[in-house]
Amino acid sequence: MRAAAVLTTALILVGAVLAVPAAAAPASRCAAGTWRLAKADLTVRQSAKTKLRITGGAGAVLVLGGGKATHRYAGSAKLKESGTSGGAQVAGWLRYRGTLRLKAKVTGTRLTATVSSATGNATLKLRQTRPLQLDPAPRGLAALLKSGEFSGVPYNAQVTCSRTALKLRQTGTSGGAAFTGAWSYRRV
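Take 1 as the starting number for the sequence shown in our numbering and just add one per residue.
Source of the hints: derived by calculation from the structure; they are not laboratory data. Just to be clear, a hint being listed does not mean it is correct.
[As the list claims (entries may be wrong)] In silico lysine-lysine, BS3-like type, Cα no more than 30 Å apart, as pairs:
1) Lys49 / Lys103
2) Lys51 / Lys80
3) Lys80 / Lys39
With the hints as extra help, turn the sequences into a complete structure.
Here it is as structure tokens:
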């Protein structure tokens, strides 16, 4: 995207100044490249008494282009888990490690990945500290995606981007629960 396209146009209307951002390039053009996650913000709601919020994950790297999406989790921060499960307060964390690869494309403003193509050694580790002490072994991320369980990986997301920022938003169901997610990235 050219520098002129990211400039903000100021309009003066009846004594008020409103900032109107210049039009962004189509996501299919600006999304290709290497991106570092600034923050993920995920919500999982299974019932009125079960709602979890998962935030964090800074440092994960996403590479888009060439018909694929590659997620590299080495050195990424943990995600904090909070909320309620069956009405009881929940606390814990999730941590991703390894590399996940999927066939993927950005068409218009949508990132679409083929879940059945997921490969790699990426794992998801969950540790719950409240209400129960749970510390199961890490699980393979490709297998979680393929089985439809919660993975926290964007695979069918709305895309907005500029020369320096990428935002992915996804809603749907995961593991029988309503899921919303927003991932904010910066170009590397």
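The hints, checked one at a time:
A threshold of 30 Å between alpha carbons decides the hint, and for Lys49 with Lys103 the separation of about 36 Å lies outside it, so the pair is violated. With a C-alpha separation of about 14 Å, the suggested pairing of Lys51 with Lys80 holds against the 30 Å cut-off. This hinted pair checks out: Lys80 and Lys39 have alpha carbons roughly 11 Å apart, not beyond 30 Å.
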